[in-house]
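Asker: Sequence:
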Amino acid sequence: MITGHYGGFDQLYWASLSRFLHVISGVMWIGLLYYFNFVQIPNMPNIPDEQKPAIGKVIAPAALFWFRWAAMATLITGLTTLGLYYGHEGSVNALTFTLAYGFDGKQLTIGIGMWLAIIMAYNVWMVIWPNQKKALGIVEVDADTKAKSARTAMLFSRTNTLLSIPMLLSMVAAQNLY
11 MITGHYGGFD QLYWASLSRF LHVISGVMWI GLLYYFNFVQ IPNMPNIPDE QKPAIGKVIA
71 PAALFWFRWA AMATLITGLT TLGLYYGHEG SVNALTFTLA YGFDGKQLTI GIGMWLAIIM
131 AYNVWMVIWP NQKKALGIVE VDADTKAKSA RTAMLFSRTN TLLSIPMLLS MVAAQNLY
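Position 11 of the sequence shown, counted from 1, bears residue number 21 in our numbering, the numbering being contiguous throughout.
Quick caveat, the hints were computed from the structure, so don't treat them as lab data.
There's no promise every hint is true.
To be verified - Cross-link-like lysine to aspartate or glutamate pairs, in silico, EDC-like; alpha carbons within 16 Å at most: (1) K116 - E99; (2) K143 - D154; (3) K144 - D154; (4) K67 - E150.
Claimed, not checked - With beta-carbon atoms standing in for the labels, derived distance ranges: (5) N53 - L172: 19 to 25 Å; (6) Y44 - A153: 25 to 31 Å; (7) E99 - N56: 37 to 43 Å; (8) W79 - T106: 26 to 32 Å; (9) P58 - A110: 32 to 38 Å.
Idealized CB from N, CA, C, for every residue including glycine.
Kindly produce the complete structure, drawing on both the sequences and the hints.
Answerer: Structural data, given as structure tokens:
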């Protein structure tokens with residue numbers, strides 16, 4: 011038995027692998043989120059009209075593919091990592107902001123970060139992606155709906171950018187302050 015870890019070497023191996031995959035997919039997800047909000051969207055007005063189809067038909071759909079699947083992978087590996095490191099009781103405690111089994115600072119902090127990430131992943135799959143499909147012409151809609159969809163996707167993407175700050179702070183604090 012490895013001291014300080016309840017599951018022994020096998021448990022520690024799978025928990026460490028899950029955490030590694032979680033960090034890699036999280037870096038990809040948040041990196042693409044920042045790319046969209048700090049690079050692509052602000053620079054679209056600077057791109058000549060004849061070059062914009064390359065963005066809308068090639069680059070944006072490819073980036074959005076990796077964006078949404080990185081969000082899904084981050085969510086799945088995050089929940090897996092939680093279960094492998096904390097077991098059932100610790101996982102429930104983190105997800106309920108330590109109301110289930112008593113206060114624990116690390117579980118509370120990771121729980122806050124997890125709920126922010128869950129909200130962000132929901133935004134990606136249920137709001138941003140459906141609206142981006144309309145805005146990019148992947149789904150045929152009229153020009154007015156296309157413009158409204160582009161605005162909705164942008165606003166929710168900006169919301170995710172703002173939520174990423176306390177989410178990242180919570181995730182890092184949970185690993186380093188406790």
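Asker: Look at each hint and say if it fits the structure.
Answerer: Evaluated hints:
no.: 1; hint: K116 - E99; result: holds, 14 Å
no.: 2; hint: K143 - D154; result: holds, 14 Å
no.: 3; hint: K144 - D154; result: holds, 11 Å
no.: 4; hint: K67 - E150; result: holds, 14 Å
no.: 5; hint: N53 - L172: 19 to 25 Å; result: holds, 20 Å
no.: 6; hint: Y44 - A153: 25 to 31 Å; result: holds, 29 Å
no.: 7; hint: E99 - N56: 37 to 43 Å; result: violated, 53 Å
no.: 8; hint: W79 - T106: 26 to 32 Å; result: holds, 28 Å
no.: 9; hint: P58 - A110: 32 to 38 Å; result: violated, 56 Å
Hints 7 and 9 from the earlier list are contradicted by this structure; the remaining hints agree with it.
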